[in-house]
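K.L.:
Next come the chains, spelled out residue by residue.
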Amino acid sequence: MKRDRSAYLFILPAFLFASIFLFIPLGQGIYLSLFKAGITTREFVGFKNFIKMGSDPLFWLEIKNTFIIVIGLVVLNLGLSLFIAVAIHKLSNFLQSFFRFAFYLPGICAGVVTSMVWIWIFNPTYGLLNYMLSLMGIPPIYWLSVGDTARLAVIMMVCTWMLGSHIILFLAALNAVPETMYEAARIDGANAVQRFFYITIPLIMPMTVYILVTTTVGAFQIWEAIYMLTAGGPAYATTNIVYRVYQLGFSYFRFGEAAAHGVLLLCIIFPIAFFQFRYLSKKLEF
Amino acid sequence: MKKVFVIALLVIGLGLAAFAADKVTIRFWTGPPDEVVLGAFEYFREQNPDIDLVCEYIPVGNLREKVLLALTAGEPPDVLYDYIGRTSAWANGGFLEPLEDTLTEEDYEDYMPGMIELNSIGGHFVSYPLSITFRGYAVNRTLCEQAGVADLLPTEPGRNWTFETFMEVANAIKGLGIYPFGFFAKGASGDYYMLTYFQMFGASLYENGDYTKTTLNSEAGVRALQWMIDMVGQGYAPKGVAGLADDDYVAMKVRGQIGMSGWVDSLEQLELNFKNGIIDYVPDWYMVSLPHVEGIPGPPAYMAWSTAVVFKGQSAEKLAASKRFARFLGGEEFYKMRSTPNGLPQCKSYNIDHLSENGKFQTEWASVNGVGDLGYASPFYLEVRDLQYVALQEAFMGLKRPKEALNDFADAVAKLWE
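So the protein lines, in turn, are chains A and B. Following our numbering, the numbering of the first sequence begins with 1 at its first residue and continues without gaps. Following our numbering, the numbering of the second sequence begins with 1 at its first residue and continues without gaps.
Because the hints were derived from the structure by calculation, they are not lab data. In this text, a Cβ means the ideal position worked out from N, Cα and C, and glycines have one as well. Take the hints with a grain of salt, since some may be wrong.
To be verified - Below, computed lysine to any residue pairings styled on SDA-like, alpha-carbon distance capped at 20 Å: (1) A:Lys52 / B:Ala414; (2) B:Lys348 / B:Val368; (3) B:Lys66 / A:Glu224; (4) A:Lys36 / B:Phe44; (5) A:Lys52 / B:Ala73; (6) B:Lys400 / A:Leu61; (7) A:Lys36 / B:Leu416; (8) B:Lys66 / A:Arg254; (9) B:Lys239 / A:Tyr126; (10) A:Lys36 / B:Thr162; (11) A:Lys36 / A:Gly54; (12) A:Lys52 / B:Glu383; (13) A:Lys52 / B:Gln314; (14) A:Lys52 / B:Glu418; (15) A:Lys36 / B:Val368; (16) B:Lys415 / A:Asp148; (17) B:Lys400 / A:Asp148; (18) B:Lys66 / A:Ile39; (19) B:Lys239 / A:Ile141; (20) B:Lys312 / A:Thr40; (21) B:Lys23 / B:Gln314; (22) B:Lys336 / B:Ala73; (23) B:Lys415 / A:Phe59; (24) A:Lys52 / B:Asp411; (25) B:Lys400 / A:Tyr126.
As the list claims (entries may be wrong) - Have a look at the derived ranges for each label pair, beta carbon to beta carbon: (26) A:Glu179 / B:Glu65: 50 to 56 Å; (27) A:Lys36 / B:Glu117: 26 to 32 Å; (28) A:Arg42 / B:Ser367: 42 to 48 Å; (29) B:Glu117 / A:Trp60: 36 to 42 Å; (30) B:Gly39 / A:Leu58: 46 to 52 Å; (31) A:Leu12 / B:Gly39: 40 to 46 Å; (32) A:Ala273 / B:Gly235: 48 to 54 Å; (33) A:Leu58 / B:Glu46: 53 to 59 Å; (34) B:Pro59 / A:Asp4: 48 to 54 Å; (35) B:Thr212 / A:Met132: 46 to 52 Å.
To be verified - Selected chain A positions facing chain B (in silico; Cβ < 7 Å): (36) Tyr142; (37) Gln221; (38) Ala231; (39) Pro234; (40) Ser251.
Required output: the full structure, derived from the provided sequences and hints.
P.N.:
Below you can see the structure in the form of structure tokens.
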């Protein structure tokens, strides 16, 4: 019993921190969504903000965009970071460090700075990407002027931010897989592909689930990249829920409506993250 | 001896306290100033020893959020110097002190036509305009000389020219393999530039200060937008308008890739960039009146400016001091101290000898045709700007016809007021 009590003491600082910076603001956000709130005014309106949100012509579009960006980013980021980690984890320590550093670099630069670089890269007239395509005889692509390519541009940019840390995590997981397992598999006649799918993947599953959940949650919350790169366009093609929260709250000072969108996001993220942890963790093998 | 020392300390302390009590402290917020502006603040302190001016410099990108948070906390600055597009929101929220009691009859006559109205919200003059930049039209004269059409540029005092001559120059520039002009619609920034093309056809965002409905969807507006789309299609302007921002456009301009332009950046900045080796090309930009189709009168000048505003909730004494400082910022003395070759005056009577040839022309244009209404005073200023660029995107992307895009935009603006 005493031991239990001391455990509570150990988690108390974290609990207090989470309460002040997470639970209380979360509760306030939900509470605010029931008000028509301006800068200094508040009027209780019940669920009117949610009704208004549902009748907004942009509502389904922002949900659709959010999911396209999330799915695109999760698939690309998870696939690419695993691929790169597998490709470099057999290299020498020096080369591994070099690649870790190289891929981690965009993640430690300020988002605004890397956004400016990407804006230049995507510029149709003098951008790097179109210049490289032109060397292969491909005509210029108007990356940010068409909905599909604009969404792809956002996904690509955010992927470079996330990639570095995920490669490091995958490398740590890969290096932790006992070499004896591969040796045993080799003796049993398993080829490289079989070893990858029957040994590597199951043994790095805890890390994969962790990366999957954090990428998913992070992808739902993308704002900076959209703000800098596309301003939600063209024609709302990259306007996601968080960008709409920003617009409503910080541009138009409609804090109640912004909070309602925030609650919507919570209602989407929470079950997905719960599902990922609850059901994918069941299949973990150590 | 000890007693004497204590009494002396008390006397000095009380004296200092009395001196401090005589001073009124005002909190002033603005973006990071340059040395000239810092000198001007020091000058104000010397001229007004009864005011303790406490300045806080906040990065411009954070200024809006910082003021918003201060307002929600009930502790805004006393005086704020910021862009009109941001301060108008505080005025619309009812947070700003009316300032008309500081204006004289001469002031009403002296401000550029339309300036008083555009700085009045809710029936009150709430912001002193200053740091004005012009959004007219400029031609790269170097390119025109290369194309052999420099003599077509208007030289008479009003620098008026017809749409036909304008297109003749455009064709010649296009012949050099350079885009005569360019459009952008990625975001709201630089909206005035796109609106100059609507002005050429006689369309405007608002008429008679009625912000409840836009007039951009007029017949002239639809014609203007169709013309812009056609120009892109015919290679007069770069493609991909929906994904281009004003910054992309400026970059193309300073590289000499675009020949004519709505004015979106300052000559001084270009010259400074050239001196510092940031760019290797400073075009000879020549300001002209907007070419306009037959029957359209000379359009008003689109301008952007900063403002000095005073927040409510101050004691009478403090309020008087704040107004005095705000008035100083919006006055001729401060204008003179920080004037540049293209820093336009807010009043007609200010001495403009220091202005460049272009600056003088711009001042004349604004004095005669007045200041164009970009909707700063609308309570939905930012919403309308956001809706406007989306409408342009939809039209340029071919998702909607110009008429449909502009009508939908007009409907959305009207809906904001419901």
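K.L.:
The structure should be examined with respect to each hint, and the outcome stated for every one.
P.N.:
The hints, checked one at a time:
no. : hint                            : in the structure
1   : A:Lys52 / B:Ala414              : holds, 17 Å
2   : B:Lys348 / B:Val368             : holds, 10 Å
3   : B:Lys66 / A:Glu224              : holds, 18 Å
4   : A:Lys36 / B:Phe44               : violated, 43 Å
5   : A:Lys52 / B:Ala73               : violated, 28 Å
6   : B:Lys400 / A:Leu61              : holds, 17 Å
7   : A:Lys36 / B:Leu416              : holds, 15 Å
8   : B:Lys66 / A:Arg254              : holds, 17 Å
9   : B:Lys239 / A:Tyr126             : holds, 13 Å
10  : A:Lys36 / B:Thr162              : violated, 51 Å
11  : A:Lys36 / A:Gly54               : holds, 16 Å
12  : A:Lys52 / B:Glu383              : holds, 17 Å
13  : A:Lys52 / B:Gln314              : violated, 38 Å
14  : A:Lys52 / B:Glu418              : holds, 13 Å
15  : A:Lys36 / B:Val368              : violated, 45 Å
16  : B:Lys415 / A:Asp148             : violated, 29 Å
17  : B:Lys400 / A:Asp148             : holds, 17 Å
18  : B:Lys66 / A:Ile39               : holds, 13 Å
19  : B:Lys239 / A:Ile141             : holds, 10 Å
20  : B:Lys312 / A:Thr40              : holds, 13 Å
21  : B:Lys23 / B:Gln314              : holds, 15 Å
22  : B:Lys336 / B:Ala73              : violated, 36 Å
23  : B:Lys415 / A:Phe59              : holds, 16 Å
24  : A:Lys52 / B:Asp411              : holds, 17 Å
25  : B:Lys400 / A:Tyr126             : violated, 28 Å
26  : A:Glu179 / B:Glu65: 50 to 56 Å  : holds, 53 Å
27  : A:Lys36 / B:Glu117: 26 to 32 Å  : holds, 30 Å
28  : A:Arg42 / B:Ser367: 42 to 48 Å  : holds, 46 Å
29  : B:Glu117 / A:Trp60: 36 to 42 Å  : holds, 41 Å
30  : B:Gly39 / A:Leu58: 46 to 52 Å   : holds, 49 Å
31  : A:Leu12 / B:Gly39: 40 to 46 Å   : violated, 54 Å
32  : A:Ala273 / B:Gly235: 48 to 54 Å : holds, 50 Å
33  : A:Leu58 / B:Glu46: 53 to 59 Å   : holds, 54 Å
34  : B:Pro59 / A:Asp4: 48 to 54 Å    : holds, 50 Å
35  : B:Thr212 / A:Met132: 46 to 52 Å : holds, 50 Å
36  : Tyr142                          : holds, 3 Å
37  : Gln221                          : violated, 18 Å
38  : Ala231                          : holds, 4 Å
39  : Pro234                          : holds, 4 Å
40  : Ser251                          : holds, 5 Å
Of the numbered hints stated above, those contradicted by the structure are hints 4, 5, 10, 13, 15, 16, 22, 25, 31 and 37, listed in ascending order.
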